[in-house]
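Colleague: Residues per chain are reported as follows:
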Amino acid sequence: MSKKIMVSFNLNGKETDVIVEPRELLIHTLREKCLHTGPHIGCETSHCGACTVDFNGMSVKSCTVLTVQAEGAEVLSVEGLAQGGELHALQEGFMQEHGLQCGFCTPGMLMRAYRLLQENPDPSEEEIRYWMAGNLCRCTGYQNIVKAVQYAARKLRGEAVETSHPLMTADTH
Amino acid sequence: MIPRPFEYHAPRSLPEAIALLSEYGDEAKLLAGGHSLLPMMKLRFAEPAHLIDLGKLSELKGIRESGGEIRIGAMTTENELIWSELLQTKCPLIVEGARQISDPQVRYRGTLGGDLSHGDPGNDHPALMMALGASFVLAGGQGERVVPADGFFLGTYTTQLEPGEIMTEIRIPTPAPGTGYCYAKLKRKTGDFATAAAAVTLRISAGAVSDVRIALTNVAETALRASDAEHALQGKPLDDATLAEAVRLAMAACAPVADLRGDAEYKTAMAGEMTRRALTSAYMRALH
Amino acid sequence: MGNLDTNLDRLAALEGMGCSRKRREDPRFIQGKGTYVDDVKMPGMLFGVMVRSPYAHARVKKIDKSRALAHPGVHAVLTADDLKPLKLHWMPTLAGDVQAVLADEKVCFQNQEVAFVVADDRYVAADAAELVEVEYEELPAVVDPLTALAADAPVIREDIQDKQAGAHGARKHPNHIFTWQVGDKDKTDRVFDNAEVTVTQDMLYPRVHPCPLETCGCVASFDKARGDLTVYITSQAPHVVRTVVGLLSAIPESKIRIISPDIGGGFGNKVGVYPGYVTSIVASIVLGRPVKWIESRAENLSSTAFARDYHMSGELAADRDGRIKALRVHVTADHGAFDACADPTKWPAGMFHVCTGSYAIPNAFVSVDGVYTNKFPGGVAYRCSFRVTEAVYLIERMVDVLAQKLGIDKAEIRLRNFIRKEQFPYTTPLGLEYDSGDYEPALKKVLAAVDYPGLRAEQAARRADPNAEWLLGIGVVNFTEIVGAGPSKMCDILGVGMFDSCEIRVHPDGSAIARMGTITQGQGHQTTYAQIIASEAGIPASVITVEEGDTSTAPYGLGTYGSRSTPVAGAAIARASRKIREKARQIAAHLLEASPGDVEFDLDRFVLKGSPGQFKTIKEVAWAAYNNVPDGLEMGLEAVDYYDPPNFTFPFGAYVCVLEVNRYTGETRVRRFYALDDCGTRINPMIIEGQIHGGLTEGFAVAMGQELPYDEAGNLLGATLMDYFVPTSVETPHWETDFTVTPSPHHPIGAKGVAESPHVGSIPCFTAAMVDAFAHLGVTHMNMPHNAYRVWQQCRALGLTRQ
Amino acid sequence: MKVVLEKVFPLAATADSAWQLMQDIEAVAGCMPGAKITERIDDTHYKGTITVRLGPATMSFKGDIEVLDLDPAARSLHLTGKGADATGTSAASMDLVAAVQASGETCELTGRSEVTMSGKAASLGGRLMGPVSEQMLKQFVANFAARLPALPAQQSASPAGTAAANSQPPQPSVTPEAAAQPSELNGLALAWAVIREWLRGLFSRKTA
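Protein chains in written order, with my numbering: chain A, 1 to 173; chain Y, 1001 to 1288; chain Z, 2001 to 2803; chain X, 3001 to 3208.
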């Protein structure tokens, strides 16, 4: 076993130190050391995108990033998406437009869409489908995910949106 | 899906990286985007004792133009290529090609230099670079050398990169205004390698094709230059007959390996179809 | 009784059946706070990985685990020899066969479980698994089921080599599992002998995999002090798992707690009991520590539960007008190395005998031969009821083949053969009684919506143009599903009847908790079940908590698969709610000082007949139930219902697919897909539409790309998400949905179930459209998957490619 | 995954010298590309390894070699090799029948090989077995020819040159140990193909 290394990065706004073997994958560190189990493992070959987190302003598949590569990085996971008790517009959108079913792909979808909307605040359906193609979903057929992203885009642009879900605040169960 | 243990090195400068590479030699592997090497290590087909991460070498990033050349740092990512206004205006073929590579998350990590150094005939940049007449800057202990893309790829996973060398920059003669271009790729789904793909650049002078370059992806041991097809087109108008002849010659150059994407016959035929598509749309683009 | 507006407000406040209530599951999922099995972390938890066979068929000569055991951090390495004393090296399957938990002297499929390594964490376990040295002696493999019964075929299952009969009757060969026959053979044969027209068509429904995004896994924790076993597990049927574990371990079920937490999709993959579960439980008992096992994607695609793999041969007899007189079918079913098929005990081919479809076919005979091959076991219902996808595929293909032979339009021939509305309940020649249906209006609605005549005209023009690069194909399908297994007189699993259950407790404040024997895997039970209770018992859905998946709290149920939740558990919920309502009526009458006959239920209250101003709300009644009930009535407000359905339900639908095919490359693009579904009473339209989108997308994946190809030595090729086709948002078509409503007469609320219909119906529709693109050139059938390579081969055979 | 190949190669040596060499099992086994005898159990049973390196990938098979038949009359040799890789996830076996026939001055080597792959290797790289076993047979002959005392004034007609692009013509040698080096190089050359396909099949991702 090779010697362990201390790695410091910012996770959802919080300075985080972990001690890992160089071979440890970021997804395992997030899930098992940081206890952030939102990012999921669906394929381990960087096809499914369930492990997607925002990493220094990029959407990355954390199953294919070494934790040691995260030294000094800014990492945002789905757990950090809601701010000050307020759900992110994307989280609202997914609930409002029925953009999820089993929920397993959802954290990855949300984090990918989060970065997409930073880069393109008004994406067409075609653009959403193209720029979300790194995330697999087996339940929804993507149609409502597209709607959910469009909903969030509208809301983030300050346009009116219908919010009929009664549980639109963070942490309600 | 767990890699074997290894030592990790994150050099801060190119000389440091080269020093590490020569120090550990065979035992060391370079880590760029990691989307070929890490999966390989997770399946334990690869077990380098030392991993040298080029991620901190900012000097290997960036896209600029100087002296009629577009110069791209080897660690420039696919998305950076796609979003580059310089490339969109002066070398749109790279943008069109990069957009067809893998998926968005992988394009944030995957790098141009990594794609080329890997020497996989399924990668898309080798053909794109051949079609653009690019050359590569290779840095090693003995200094720098510049080699043309054409001839750089020796076999599957073998290139002219010597042990201890790192690809640092890609140089592309800025395409003349009015150059027609196209990358036509047939794949089973997003994220797949090409069943076959064709990269084309050409110009039209006096109604005839000139300066045409055709390169093919994933239909031989390496990316392939379809020289015979190019010669057949040179100085001719792109009518049905010349197009058919060029396609025939491009197919003749193919020697694909059968896999779940199809047998050799299908892949060869698809190389022909992609060549036809790429030539046709490059021609249309050159006209307008 | 109050003015209209206030009634509407009260109705809205209930959020009952028929409204698109937003999902109560969502808040935890969109915040990353779901709890899936791999999220479960227990103190002292260890991690287990499987050592698997590289060979499809081989003797295990020697296993040396000394190097693995010596590896730091390794706690145990289990092999068959360790399980033998516990009699756990083999386990019963759902189909009456046995399956090796860990290879006992030989392996019968590639990646079969050989040893189980338990270590501190998954990193150490992965390192140690490589150190287990297994010596094999390779044996010839049987990959093609059509050759499995050859006289000289290698014997796969030496453990039962001499058994003359299996769970489903006589075996005629060591690799033969069963022959299952339904219908009147002689009568059917006679009709064929005298038929004006007959057609025959062979077709392969390839081996595919449900591939949920979450793979299978578990966390087993045996508490030595208490003697309790707790297992968190990815199961669509936790109660059945508890019974199986009880049988295997001899631990009383009262000491076993099976918990299906959030499940990341099932689609049939999570019905079975897999070796990894058993070895984890054994390891936990032996080591006295929790043990987690999570399979990798490659393990999932190569060892836990395939679907389909039916080699089908169909025949139709008809008159010259295309009126079908008889259907004859033979199937060779490839069950892999162990018969672990998820089917009701009595029916080794599930409900394949629904294969007469939506048509009034007077005579039919079906014969199915199940065989062993050196492939991994399974045969689960991949987003469908047991073998219904295969059955619907067969009949819909055969009807098209007949239409082409007779030159009759493919929609017209269906209209001519439909079972008519007045014929329901309709008993098929294969013995099923369809509850209700109204096929003709459904099909006509769809044909009008897509301008079917216009499409055919466009197709004719396209066919007339020799330079057309894109061929146009139009698929028409009118399917009938059979779901809601099922009547216990016909359906049981391991002897347990396939009823389902519901238990409702109304609290003093009028809120309630309801528990069921099913388990949601994305269907939204927490949302929709509450809607049923709201409508039936007048308790607002917003104050109803729905709980499933914990065998220590939920009533016994058979679980969620085969679209049985709404048809079976849904009925139990409605009936339990009505029991609540009736007790509430007595309490309300008592409070109103009237007789129960004089109060009537109105949405959320009981009103004194004739005096609308006098009423007691359910909320008021709930409080009274705990302090003021009429003499002789028990306190409290609770109800339990175990529902054994009198029959299956038969949802149906009409689909049209418009497909374009590139003759030079084999590329296809779905131009339009219009899906009309009739699932009876609709509980939540939003969720129904979501289920249909998902089913259509999985159908698209199966038809256009999914396959598990084997080489002749039994090596599974392409078991990664690189090769195994799971479409992304780019490949997935845009779906158009529509509906009609034909309630089930025997279901308490008339609901039939929906989630699987779009999968069952869309797959033959894609094939129909694909074949239709080439029909004018004499093509009657093309086997799936319709990927570009295979389609191009068809084009080349027809001389359509560039020569 | 099984591939059967049969080929005839002209050798620039006399039938007797070829047969002489063929009876030296360790030398013959050493001719198997990338293979190396590690232990001699008896006249007909040996243990050996084959190690393959390609770019970032490495794979190492170890297993048994058995001589099934050595027929002086027909001047033919029949041997099999079976092995598993270090991780126990893949296995490979080869059945080789080699025979020498005189043809005038020189002779012909007839080779029949049957290569079978199982497990991860076959699942992910099996489609390349055809070309690979062809390479294997050619290089077996190339190495074999290289070990023969060449006839004067005449270069070996063995197809060494047709071996994979980067392989070097093996140097003539009499001792297996010395010969192991070039033969392993050839092993690399051909094993390339297999591993390349694993990588391609497995790792959708371009860009290292």
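Since the hints were made in silico from the structure, they are not lab data. If you're wondering where the values come from, they're calculated on a predicted model, not measured in any experiment. Mixed in with the good hints, there may be bad ones.
PhoX-like, lysine-lysine: derived pairs with alpha carbons at most 25 Å apart [claimed, not checked]:
1. Z/Lys2041 x A/Lys4
2. Z/Lys2061 x A/Lys33
3. Z/Lys2061 x X/Lys3062
Over 10 Å on every C-beta distance to chain A, these chain Y residues come out as not near it, computed from the model [to be verified]:
4. Glu1007
5. Ser1013
6. Gly1025
7. Pro1039
8. Met1041
9. Asp1053
10. Gly1062
11. Arg1071
12. Asn1079
13. Ser1135
14. Gly1140
15. Glu1144
16. Gly1191
Note that CB positions come from ideal geometry on N, CA and C, so glycine has one too.
Colleague: Confirm or reject each hint.
Modeller: Results of checking the hints against the structure:
1. Proximity of Z/Lys2041 to A/Lys4 is assessed by CA-CA distance (about 23 Å); at most 25 Å being required, the pair is judged to hold.
2. For the hint linking Z/Lys2061 to A/Lys33, the alpha-carbon distance of about 41 Å lies beyond 25 Å, and the restraint is violated.
3. The suggested pairing of Z/Lys2061 with X/Lys3062 holds, with an alpha-carbon distance near 17 Å, which does not exceed 25 Å.
4. At roughly 5 Å, the least C-beta separation between Y/Glu1007 and chain A is not larger than 10 Å, which violates its mark as non-interface.
5. Taking the minimum C-beta to C-beta distance to chain A, about 17 Å, the non-interface status of Y/Ser1013 holds against the 10 Å cut.
6. With a least beta-carbon separation of about 18 Å from chain A, Y/Gly1025 lies farther than 10 Å from that chain, consistent with its non-interface assignment.
7. The Cβ of Y/Pro1039 does not lie farther than 10 Å from every Cβ of chain A; its closest approach is about 5 Å, which violates its non-interface assignment.
8. Annotated as non-interface, Y/Met1041 brings its C-beta within 10 Å of a C-beta of chain A; the closest such distance is 8 Å.
9. Not every CB of chain A is more than 10 Å from the CB of Y/Asp1053 (nearest about 6 Å), against its label as outside the interface.
10. Even its closest Cβ contact with chain A, about 17 Å, leaves Y/Gly1062 beyond 10 Å, as expected for a residue assigned away from the interface.
11. Listed as a non-interface residue, Y/Arg1071 keeps its Cβ farther than 10 Å from every Cβ of chain A; the least gap is roughly 23 Å.
12. Consistency note on Y/Asn1079: stated as away from chain A, yet its beta-carbon is not over 10 Å from all of that chain's, at 8 Å minimum.
13. Y/Ser1135, annotated as away from the interface, keeps every beta carbon of chain A farther than 10 Å; the closest lies near 29 Å.
14. Here Y/Gly1140 stays apart from chain A, with its beta-carbon at least about 25 Å from theirs, past the 10 Å limit.
15. With a least CB separation of 27 Å from chain A, Y/Glu1144 remains clear of the 10 Å interface cut-off, as annotated.
16. Chain A draws Y/Gly1191 into its interface by the beta-carbon criterion, the shortest separation being 6 Å against a cut-off of 10 Å.
Checked against the numbered hints above, the structure violates hints 2, 4, 7, 8, 9, 12 and 16; every other hint is satisfied.
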